[in-house]
Amino acid sequence: MTSHGTKRKRSNEASGSSAKRPDKSSQELTTDLIMKQTKDVIKKIKQNIAVQDSTDLKAYIIDQISNMDMMNKSNTNRKKVTIGIFGRSGEGKSSLLNAVLGERYLLPSGSSGACTAITTQVEGNLSDSNYTADIEFISKEEWDSQLKDLLLDLSDKTEDKNDDMTKIAIEKITALYGANAFKKTLEELKKDAKSAKIDELLQKEKMPISHSNGSNFAKEISKFIQHSRSNPGNWYWPIVKSVAIKIPNPLLEHIVFVDIPGTGDCNKTRDSLWKSKLGECSVVWIVSAINRGTTDEDPWEILKHCVYYMTQAGECKSINFIFTKTDDIDPEEYIRNEWPSEEEKPDKDLKTACIRKRNICSKEAVRESFENSKLKKKMTLNIFTVSTRAFFDKTLCLEHSDTEIPKLQDFLKNLNNSINKDLARDYVNEAKGILSLIKSVQSETGNVVQTGVHNKLEQNLCKALEKLGWQFDMLCCVLEKCLSDGVEESERLCLTSACSIISPNLPHGKGGFHKILKALCKNDGYHWSNAWGIDLDLNMALSQHMHKNIEEEFDSIFPVHCKTGKSVQEQIEKFSIIQSDTEHPRASMFYHIDNFIKREEIKLKRKLKRDVIERKKEISLSITNMIKDAMVPYYATTYKRCSRVWITEGNTLAVRNGQNQTGCS
Numbered sequence: 001m002t003s004h005g006t007k008r009k010r011s012n013e014a015s016g017s018s019a020k021r022p023d024k025s026s027q028e029l030t031t032d033l034i035m036k037q038t039k040d041v042i043k044k045i046k047q048n049i050a051v052q053d054s055t056d057l058k059a060y061i062i063d064q065i066s067n068m069d070m071m072n073k074s075n076t077n078r079k080k081v082t083i084g085i086f087g088r089s090g091e092g093k094s095s096l097l098n099a100v101l102g103e104r105y106l107l108p109s110g111s112s113g114a115c116t117a118i119t120t121q122v123e124g125n126l127s128d129s130n131y132t133a134d135i136e137f138i139s140k141e142e143w144d145s146q147l148k149d150l151l152l153d154l155s156d157k158t159e160d161k162n163d164d165m166t167k168i169a170i171e172k173i174t175a176l177y178g179a180n181a182f183k184k185t186l187e188e189l190k191k192d193a194k195s196a197k198i199d200e201l202l203q204k205e206k207m208p209i210s211h212s213n214g215s216n217f218a219k220e221i222s223k224f225i226q227h228s229r230s231n232p233g234n235w236y237w238p239i240v241k242s243v244a245i246k247i248p249n250p251l252l253e254h255i256v257f258v259d260i261p262g263t264g265d266c267n268k269t270r271d272s273l274w275k276s277k278l279g280e281c282s283v284v285w286i287v288s289a290i291n292r293g294t295t296d297e298d299p300w301e302i303l304k305h306c307v308y309y310m311t312q313a314g315e316c317k318s319i320n321f322i323f324t325k326t327d328d329i330d331p332e333e334y335i336r337n338e339w340p341s342e343e344e345k346p347d348k349d350l351k352t353a354c355i356r357k358r359n360i361c362s363k364e365a366v367r368e369s370f371e372n373s374k375l376k377k378k379m380t381l382n383i384f385t386v387s388t389r390a391f392f393d394k395t396l397c398l399e400h401s402d403t404e405i406p407k408l409q410d411f412l413k414n415l416n417n418s419i420n421k422d423l424a425r426d427y428v429n430e431a432k433g434i435l436s437l438i439k440s441v442q443s444e445t446g447n448v449v450q451t452g453v454h455n456k457l458e459q460n461l462c463k464a465l466e467k468l469g470w471q472f473d474m475l476c477c478v479l480e481k482c483l484s485d486g487v488e489e490s491e492r493l494c495l496t497s498a499c500s501i502i503s504p505n506l507p508h509g510k511g512g513f514h515k516i517l518k519a520l521c522k523n524d525g526y527h528w529s530n531a532w533g534i535d536l537d538l539n540m541a542l543s544q545h546m547h548k549n550i551e552e553e554f555d556s557i558f559p560v561h562c563k564t565g566k567s568v569q570e571q572i573e574k575f576s577i578i579q580s581d582t583e584h585p586r587a588s589m590f591y592h593i594d595n596f597i598k599r600e601e602i603k604l605k606r607k608l609k610r611d612v613i614e615r616k617k618e619i620s621l622s623i624t625n626m627i628k629d630a631m632v633p634y635y636a637t638t639y640k641r642c643s644r645v646w647i648t649e650g651n652t653l654a655v656r657n658g659q660n661q662t663g664c665s
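Under my numbering, read the sequence shown as residues 1 to 665, first letter to last.
Calculated from the structure, these hints are not laboratory results. Owing to the predicted nature of the structure, the values given are computational and were not obtained by experimental measurement. Among these hints, one or two may not hold up.
Cross-link-like lysine-lysine pairs, in silico, BS3-like; alpha carbons within 27 angstroms at most [what the hints assert, rightly or not]: (1) 407 x 378; (2) 432 x 609; (3) 548 x 317; (4) 206 x 79; (5) 36 x 617; (6) 603 x 439; (7) 548 x 378; (8) 609 x 563; (9) 605 x 432; (10) 628 x 481; (11) 413 x 317; (12) 467 x 566; (13) 607 x 378; (14) 481 x 574; (15) 80 x 563; (16) 421 x 563; (17) 378 x 566; (18) 363 x 413; (19) 167 x 304; (20) 223 x 183; (21) 548 x 628; (22) 223 x 194; (23) 376 x 363; (24) 563 x 317; (25) 148 x 80; (26) 183 x 140; (27) 481 x 374; (28) 456 x 603; (29) 157 x 190; (30) 603 x 317; (31) 376 x 407; (32) 617 x 574; (33) 317 x 378; (34) 598 x 574; (35) 566 x 605; (36) 58 x 598; (37) 377 x 407; (38) 607 x 439.
Throw the hints in and build the complete structure from the sequences for me.
Here's what the structure looks like:
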């Protein structure tokens, strides 16, 4: 081991690197060495304890070591970091992910007809070198019901018909059945030759795909996540619920990417799915084409639309704001319109200079907007300016570092390294606990002393639990008071809240009361309007005053990334049955018992903090979900009644049109 250290030192000296700042490989090696040394110790313990007589203590230690082995070998028990990716269609989300992962054609880009309605998950395949995917379909019953609703939307001939839902209906039916299929009846679609394949897929519920070659894999999954308007038919995304992809890539060791479709589909299943996935995200990437300008409100609207599910109902700690397509620039136009008059204009390599200047200005503008927003209190911000085209095409003007794809790759590497260090720390902590337990038993102490220690620790536990319970009761009282005020406000303003969503005057100058009401009732109170670019959530509107009243205290009690002085996590961290002012000789049983208990407390606290995050999501979501559950029967009844009215109105309108045409003839 010493020789290795000497070699590494000589290597550093030869390369001129500083010993105080080791490179990433040496840092990883240090973590690996710590793990190796710890595993060697555990291996010796297993060998020594194997020859001991069977006792409860021996069984306990063997069980703990077995759990450690499982923790080290299995990735299924580790919570991976989820990164959610947002952006409008055509902003370069798929191209960005392909570039970061070094897989140019893994996911279809917007130019090839990528479908943004499906939640697509990409993680690492750590088992072998295959590319795999699990395609999950909606149920046959759900599709049959949805198809009837789509045809009903198409049959709406009233002046107040919903253009968004008509467009979605045409898009879904033509994607599956081909051009002009939206003009067919339900019976005609069921007799269509393509129906057999659709029914076959719906019966499967899930379909696995596996290839050793990335290109072949991308080609096969494209029919489930891609949409082609120029070649409609046999594109199955309308019946796909989600796609889970695994690729052999070390960057995805502990990371899961989720391409989240924030808008564009009025489907209850998909709506619920993307919101739940968003709640799992620790980081979000907001993707926006730089040529749309820094004043573009779309990215901030996406954040506004999603911030609740990211923070109060989620665990998001940071945002990466990513400008794409930085190589798309007209240098002469940029210099004429954007270059500061007081600065000297570049005399060579004009395009590169303009790209770099625009990148700097764009970052400053986003940073300023973030500093002036409420988001600053909730999460941190990183900004990147990337060019995926220049990253793959070395003939373009940008240097490799200027594409900033390497920076994003380093971001992922650092994230993985941090997680590996945490895992190593947890493993070492478990090992120290086992060693302390063994040493405490080896210490010569009588039964009377051991009983006294047990009783003292039990008393400490009761006192610590009583104190923790009192602190939690105080936090509950604070939340209950805020929630009660919110309930009163919600009851008083419920009509105003509802009208703000379904009023024909929203937004100003646009009608559509019946359009909105129909769409909301069809989807249990939720609708995204493509035409208006507005997220309509009646359940959230009805609960908004409750959320608003508890937000400040809720964020203080359940913070995502900072200490507040009274958070549940901080109270758990302070909890201990070991008195801080107690000191024991290092060789005594008391010293080793204290160490063992401290290690067990660390392990329990880690698990409890994870549980707190999941429970706080449930608590926050329960407010809106309770309102939604109460409203669902009324949504269904209203939708059925209104549908009959709309059909009658449509038939009446058709008869009138027929009579008018007859009269004209």
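### Query
So which hints don't hold here, by number, going up?
5, 25
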